[in-house]
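K.L.:
Here is how the chains run, residue by residue.
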Amino acid sequence: MGVLVIGYGNPSRGDDGLGWHACRRLQRLLPAGRATITTVHQLTPELAEDVSRCDLAIFIDAACAGGSPGDLLRHDVDLAGATSDGSGHHCTPEAILAYARALYGRAPRAVTFCIVGQSFDFSMRLTRKVRDAMEDLLQQVVAEIDACHAGDQAHA
Amino acid sequence: MSRQITIDPVTRIEGHAKITLILGEDNSVTDAMFHVTQFRGFEKFCEGRPLSEMPSLMARTCGICPVSHLMAASKACDQLLAVRIPRTADKLRRIMNLAQIVQSHALSFFHLSSPDFLLGMDADPARRHIFGVLAEHPQIARDGIVLRKLGQQIIEMLGGKRIHPAWTVPGGVNEPLTAEKRDRIASMLPEMLAIAERTVRWFKRKIDDFDEEVRTFGNFPTMYLGLVTPDGALEHYDGFLRMCDANGNIIEDMVPGERYADLISEAVEPFSYMKFPYYKKKGYPQGMYRVGPLARLNIVDRCGTPLADQELAEFRSLQRGAVSSSFHYHYARLIEILYGIERIGQLLAEPDILDRNVRARARANATEGVGVTEAPRGTIMHHYRTDEDGRIVWGNLIIATGHNNLAMNKGVLQVAQHFIEGPKIPEGVLNRIEALIRCYDPCLSCATHALGKMPMRIELVDAKRNVLDVLERH
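Keeping their order, the protein sequence lines are chains A and B.
Sequential numbering from 0 applies to the first sequence in numbering that gives the first Met the number 0.
Sequential numbering from 0 applies to the second sequence in numbering that gives the first Met the number 0.
So here's chain A without its partners, still in its complex pose (with noise of 0.2 Å):
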């Protein structure tokens, strides 16, 4: 139970590598115990039961599209949203929860939260607008992951 944020994307491939910026920086900035921290390449069915064990999952991701570079996006995943792309390698976010409740009973609560890519050009580097937005977007899941926590204390 508890907190599970999801970072993916290719680290070396610019600003794909978001999630894995991300997650780095909520290893230092949050407290031991608060989050379970996860950093993979794509989604695959494999996370499905890691996610339904937790109480909130936390997606962080890339966007190509959707707004200008350095936009900061964010949506409640949607179970009715869960497709799949055919190659069986690759998930979205409502396909892992979608996984998990069909093969663990159990979907939690979830977000995803993105920052519109400009460069995904073959680098370990961020471009600044990304970087920059990526302060928002810690903020944001700080504030998300603190508001499941005394969620949980005001049903203690």
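Be aware that a few hints might be false.
Stated by the list, open to error - Calculated from the model, a selection of chain B residues having no Cβ within reach of chain A, i.e. all distances over 12 Å: (1) His110; (2) Glu257; (3) Leu306; (4) Asn364.
Said to hold, decoys possible - Stretch-level coverage of chain A by chain B, calculated; a stretch enters the list once three of its residues show a Cβ under 8 Å from a Cβ in chain B: (5) 45-52; (6) 93-100.
Don't read these hints as lab results, they were simulated from the structure.
In this text, a Cβ means the ideal position worked out from N, Cα and C, and glycines have one as well.
We have chain A already, so just place chain B on it with the hints.
P.N.:
What follows is chain B alone, placed relative to chain A:
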């Protein structure tokens, strides 16, 4: 007027490809081509790099089977160092390689192919995928996920991460196994074995439902190539090359991996970036052979573990001589999952498995090295030449999917000729053509050493190669 059909992209496989079918005047299929449409050229990238970087560099060839490239590259570099790696390092590499085979086979069988077995080749494509399986057969979907996850966890425990682990290095591995990790891996094996056993039982009952596919999915005589142990048993990491003919007769045996070029050569066709390896003595294209699970089970005398050997006996009863239908790649894959789990258990029980001497250190002592190993999809060969400082000056990679290129092309033609009647192609036929390719579980990223995923396109063209119709899936 002749016509041409193009399937583009091919789905539920790794990489980019399309298929072209040529129709004659009477709308019968007269030719088929499986085009691989991506290119990256890893052999060029590695020129000038020090040999110590090769395992990590080559692992980047693929995000699906990086461990296979790690193993082949490390073995080639062992030769460049001119060292014999410590026995424990050899065993640890084997464990990681088998874990990779188990998880990759699980991906192929459960995620990519089980929708066809469970929901039917003609099922609505909108639900003929892993979510459809999830809805109707949750236990099988769960088994697939668990088996893959546990296989990946073994890789991660050994290598530190599940994708591109840097643990396998020239001369051995860079960290010994701890007792705690050994025990954790061992504790996973019973669950993995239970899943593998019930899946084999279920699939054997299911095979009869696919009699037509068994008869027509790449069912023709070819030769088969793979590695065997010195006493002829199943081998995935080292050993010797063996080749048998369509009747199961051994035609090449105990050929050291370094001498792979004595057996095979590569042809090039203008319609594909993937080369066409062939058996030299038979010439091109008569020298068609297959690799991978089907080939491995056709060439061996035995597997070497109890449950896999029981299944091998049943597998062999499918046909006198070599088992020739590519549909049986699936069954062979499941037998190899059984074998992999059993063999990991055997290796973990070896008394020296926790030995701390796991790396031989040396500078470059040779200027040519060849690493041959078995990837999930078949035999993989890495061949490097260096200058005297150990920098790569030339590289050649022959990858599992490439070996099967001739057979995949012929298989597509066989399926198309059997199932296509008239100018209209029903969706179920399109899926059967894709399913034939999925039998080989091709990894086109590896085969072209290229980056990407694999959608599918089918083109219909006339005799003058004018495109008349296109079926496309992304």
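K.L.:
Checked against the structure, which of the hints given earlier come out wrong?
P.N.:
1
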